[in-house]
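Q: Here is what each chain is made of, one letter per residue.
Number of protein chains: 2
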Amino acid sequence: MALIVQKYGGTSMGSPERIKNVARRVAKFHAQGHRLVVVVSAMSGETNRLVALAQALSRAPDPREMDMVVSTGEQVSIGLLALALQDIGVPAKSYTGGQVKILTDSAFSKARILGIDEAAIRRDLSEGKVVVVAGFQGVDADGNITTLGRGGSDTTGVALAAALKADECQIYTDVDGVYTTDPRIVPEARKLDTITFEEMLEMASLGSKVLQIRSVEFAGKYKVKLRVLSSFEEEGEGTLITVEENRNMEQPVISGIAFNRDEAKITVLGVPDQPGIAYQIVGPVAEANIDVDMIIQNVGRDGTADFSFTVSRGDLDKTVNVLDRVKAVIGAKAIEADKNLCKVSVVGVGMHSHPGVAAKMFRTLSEEGINIRMISTSEIKISVAIEEKYLELAVRVLHKAFDLDRHI
Amino acid sequence: MALIVQKYGGTSMGSPERIKNVARRVAKFHAQGHRLVVVVSAMSGETNRLVALAQALSRAPDPREMDMVVSTGEQVSIGLLALALQDIGVPAKSYTGGQVKILTDSAFSKARILGIDEAAIRRDLSEGKVVVVAGFQGVDADGNITTLGRGGSDTTGVALAAALKADECQIYTDVDGVYTTDPRIVPEARKLDTITFEEMLEMASLGSKVLQIRSVEFAGKYKVKLRVLSSFEEEGEGTLITVEENRNMEQPVISGIAFNRDEAKITVLGVPDQPGIAYQIVGPVAEANIDVDMIIQNVGRDGTADFSFTVSRGDLDKTVNVLDRVKAVIGAKAIEADKNLCKVSVVGVGMHSHPGVAAKMFRTLSEEGINIRMISTSEIKISVAIEEKYLELAVRVLHKAFDLDRHI
Chain A
1 MALIVQKYGG TSMGSPERIK NVARRVAKFH AQGHRLVVVV SAMSGETNRL
51 VALAQALSRA PDPREMDMVV STGEQVSIGL LALALQDIGV PAKSYTGGQV
101 KILTDSAFSK ARILGIDEAA IRRDLSEGKV VVVAGFQGVD ADGNITTLGR
151 GGSDTTGVAL AAALKADECQ IYTDVDGVYT TDPRIVPEAR KLDTITFEEM
201 LEMASLGSKV LQIRSVEFAG KYKVKLRVLS SFEEEGEGTL ITVEENRNME
251 QPVISGIAFN RDEAKITVLG VPDQPGIAYQ IVGPVAEANI DVDMIIQNVG
301 RDGTADFSFT VSRGDLDKTV NVLDRVKAVI GAKAIEADKN LCKVSVVGVG
351 MHSHPGVAAK MFRTLSEEGI NIRMISTSEI KISVAIEEKY LELAVRVLHK
401 AFDLDRHI
Chain B
1 MALIVQKYGG TSMGSPERIK NVARRVAKFH AQGHRLVVVV SAMSGETNRL
51 VALAQALSRA PDPREMDMVV STGEQVSIGL LALALQDIGV PAKSYTGGQV
101 KILTDSAFSK ARILGIDEAA IRRDLSEGKV VVVAGFQGVD ADGNITTLGR
151 GGSDTTGVAL AAALKADECQ IYTDVDGVYT TDPRIVPEAR KLDTITFEEM
201 LEMASLGSKV LQIRSVEFAG KYKVKLRVLS SFEEEGEGTL ITVEENRNME
251 QPVISGIAFN RDEAKITVLG VPDQPGIAYQ IVGPVAEANI DVDMIIQNVG
301 RDGTADFSFT VSRGDLDKTV NVLDRVKAVI GAKAIEADKN LCKVSVVGVG
351 MHSHPGVAAK MFRTLSEEGI NIRMISTSEI KISVAIEEKY LELAVRVLHK
401 AFDLDRHI
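As given, the protein sequences belong to chains A and B, one line each in that order. In this text, residue positions in the first sequence follow the working numbering: the first is 1, and each later residue adds one. In this text, residue positions in the second sequence follow the working numbering: the first is 1, and each later residue adds one.
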């Protein structure tokens with residue numbers, strides 16, 4: 001008999017009929033004797049509706065009042081799910097973030113959880129009740145309602161699982177697990193039974209948006225056993241995200257192929273090759289709140305260097321503006337921008353003990369005539385920037401080359 | 001520079017454009033140097049939408065969870081009004097009932113206010129902020145969200161005005177004040193500049209649904225100066241509801257003609273005329289949570305009595321069922337029901353010092369051939385039950401007879 005935290009997203013809670021389905025699933029676990037804490041998001045579309053109302057009234061909405069408005073979406077969901085559970089005979093009680101209480105800092109719209117008082121939840125669980133908690137929200141030390149930012153319901157689930165030392169945190173989504181790559185691009189993509197937190201972080205940050213990155217970091221830090229499952233399928237074990245690299249020997253070295261279309265490359269040409277130059281370029285960009293991803297520096301023969309890095313496309317114009325301002329200071333000859341890039345990565349904790357992954361990746365791409373524009377590596381991934389038109393081709397051939405295709 | 005509590009109902013808050021109008025009105029008072037606490041209802045239609053969602057999920061919704069769901073309507077309103085105020089340069093801060101905190105008992109869906117902590121509000125007011133408070137809701141001693149029942153936002157406004165010792169509590173509605181009778185029936189109906197709490201109670205309970213009765217009782221008890229105004233008109237003083245009977249000598253004896261279509265009459269025929277019989281009839285009816293209104297007992301010549309009373313039409317079948325069960329016990333010969341009744345009342349604090357009001361009322365009705373079926377009186381009103389088809393005629397002739405018509 002386990003203590004399980006389940007989280008259901010907005011799509012799973014999208015209508016009374018779907019909420020009844022969630023209730024039936026929760027009831028099944030409850031009937032098996034498990035103790036259950038259920039975290040829910042707002043009904044799909046509701047948060048957008050509330051944001052639109054606020055924006056109709058304010059050109060620059062105050063984050064405190066915005067949180068007051070949007071936090072109602074999850075509050076409606078918890079009440080409705082508790083009612084649906086009670087209606088099928090399952091004792092249930094709902095809690096807002098403030099009632100739990102989930103204490104956060106006062107960074108409205110992007111608050112961080114500081115602590116959770118789990119006393120009331122434990123009391124209800126010991127009385128056999130299912131406890132339904134509003135995701136995405138908390139309360140600061142002054143009693144103001146805060147929100148954790150979009151997708152924050154995953155974080156609420158993981159944080160509650162950590163505080164309660166739950167046996168498992170189950171995240172129900174509209175996919176049935178984490179795949180070796182996007183099945184829309186590679187129909188042979190395989191669902192993974194397990195993936196490590198590190199791999200999941202690389203997969204998530206590279207565009208496989210199954211889980212919110214912050215919740216995965218949180219789960220890794222607090223050793224919460226995290227499982228991704230589909231709320232629309234009755235059976236299936238989903239994908240377990242584990243701390244340990246507990247694969248058998250037959251497991252492939254590479255777990256998956258991730259990709260991201262949203263890449264743009266900036267090159268600062270002819271900067272003096274001297275200490276501190278990287279900081280002089282990246283510093284002002286970071287100060288403008290722009291995330292820099294891949295970075296490369298090439299030293300030319302004339303004593304100057306070319307400095308390249310990627311940003312998300314939405315930040316490209318802003319980045320060019322920043323660099324135009326510092327161009328003279330850093331003594332650069334020119335600044336070039338390229339929007340037609342994408343990033344493809346092979347990810348796997350096995351690669352650090354298997355040399356030759358990079359070589360295999362580069363050869364596979366070269367055999368298809370795909371030119372690699374930038375390379376970056378970490379312990380568990382190798383990323384390349386290539387022309388965007390080659391994205392699908394690159395993902396397909398790499399998926400096959402690393403033996404990830406489903407064997408039917 | 002006064003401390004004013006203003007309350008805006010759901011119609012006034014019905015759309016972003018209307019919320020902007022409320023913000024502009026509040027801003028005007030703020031600019032005049034007044035300190036303002038603004039109580040708001042849910043946007044019109046929102047509470048019904050939430051109730052429908054809950055009812056789609058539960059055949060008998062738990063009141064605690066129902067309150068969790070429906071209280072979000074007012075929470076959205078306070079955030080939106082605070083944003084609208086800030087957008088036009090007025091510093092504003094919103095509070096849920098729980099944040100204030102408005103402490104209630106735990107009678108979910110019909111909670112009573114036990115106390116109000118006004119410290120936070122006073123602090124914000126002293127900083128020049130407009131304080132926006134969610135109507136209709138509070139929090140019990142265990143931190144559960146409660147609601148005061150439909151129309152409870154008026155009560156929130158009056159309770160806050162009492163706690164803050166406000167100079168005035170202004171209730172903004174879709175009418176511009178209290179009228180001598182319904183202008184849809186008598187076009188010559190006049191808006192009253194003042195009315196006493198007692199008269200207002202009689203007018204409200206008799207069908208002039210401008211203010212929630214409970215809020216009027218509350219205002220009378222705590223001597224809160226209450227004013228009803230239109231939120232759709234820029235000018236106008238509305239109607240002031242006062243404690244004292246501070247009329248000038250010229251004021252008519254009667255303040256208004258109230259009426260209620262929702263009446264049904266039950267007659268229990270041939271009950272033994274003995275002590276306790278009234279209780280034996282009315283007791284079981286009250287136990288079934290049915291409100292009994294006018295009561296008459298006639299003693300016949302054969303030592304039996306006929307006992308009649310009115311209930312609201314929706315309760316008629318239930319009442320007949322109750323009495324059918326006790327018929328044998330009380331020894332009644334028969335039970336008769338009549339649905340085609342209505343009640344018309346003349347109301348005025350002046351009548352207790354002016355004999356002849358009843359006589360004038362009965363004569364006026366008799367001159368039109370209207371048969372009086374039941375009569376009940378109090379210190380400040382005389383009510384008659386008549387056939388419903390005569391309602392408009394009765395109201396019109398009484399309005400004229402008591403000199404209430406507007407003199408243009």
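The set of hints was computed from the structure by calculation and includes no laboratory data. By construction, the Cβ of each residue, glycine as well, lies at the ideal position given by its N, Cα and C atoms. Among these hints, one or two may not hold up.
Lysine-lysine pairs mimicking DSS-like chemistry, simulated, CA-CA at most 30 Å apart [claimed, not checked]:
| hint | chain 1 | residue 1 | chain 2 | residue 2 |
| --- | --- | --- | --- | --- |
| 1 | B | Lys110 | B | Lys165 |
| 2 | B | Lys318 | A | Lys101 |
| 3 | B | Lys129 | A | Lys110 |
| 4 | A | Lys400 | A | Lys360 |
| 5 | B | Lys101 | A | Lys129 |
| 6 | B | Lys333 | B | Lys318 |
| 7 | A | Lys101 | B | Lys101 |
Part of the chain B face toward chain A, derived, beta carbon under 8 Å [said to hold, decoys possible]:
| hint | residue |
| --- | --- |
| 8 | Ile19 |
| 9 | Asp62 |
| 10 | Val76 |
| 11 | Gly79 |
| 12 | Leu80 |
| 13 | Ser94 |
Q: With reference to the structure, classify each hint as holding or not holding.
A: Cross-check of the supplied hints:
1. Distance hint between Lys110(B) and Lys165(B) is fulfilled; the C-alpha atoms sit about 25 Å from each other, no more than 30 Å.
2. Taking the CA atoms of Lys318(B) and Lys101(A), the gap is near 45 Å; set against the 30 Å cutoff, the hint is violated.
3. Between Lys129(B) and Lys110(A), the direct Cα distance comes to roughly 25 Å. Compliance with the 30 Å bound is thereby established for this hinted pair.
4. For the proposed pair Lys400(A) and Lys360(A), the alpha carbon gap of about 12 Å is at most 30 Å, so the pair holds.
5. At roughly 28 Å between alpha-carbon atoms, Lys101(B) and Lys129(A) fall within 30 Å of each other, so this suggested pair holds.
6. Only pairs whose Cα atoms come within 30 Å are accepted, and Lys333(B) paired with Lys318(B) is accepted, the gap being roughly 19 Å.
7. Taken as a hint, the Lys101(A) and Lys101(B) pair is honoured in the structure, with Cα atoms around 16 Å apart against an allowance of 30 Å.
8. A hinted interface residue such as Ile19(B) counts as satisfied when its beta carbon comes closer than 8 Å to some beta carbon of chain A; here the least separation is about 6 Å, so the hint holds.
9. Taken as an interface hint, Asp62(B) checks out: its beta carbon lies about 6 Å from the nearest beta carbon of chain A, inside 8 Å.
10. A hinted interface residue such as Val76(B) counts as satisfied when its beta carbon comes closer than 8 Å to some beta carbon of chain A; here the least separation is about 5 Å, so the hint holds.
11. With 8 Å as the threshold, the beta carbon of Gly79(B) comes within range of chain A, its nearest partner Cβ sitting at about 4 Å, so the hint holds.
12. The interface hint given for Leu80(B) is met, as the beta carbon of that residue sits about 5 Å from the closest beta carbon of chain A, less than 8 Å.
13. Against a cut-off of 8 Å between C-beta atoms, the interface hint on Ser94(B) holds, since the closest Cβ of chain A lies about 5 Å away.
In summary, the one numbered hint that this structure violates is 2.
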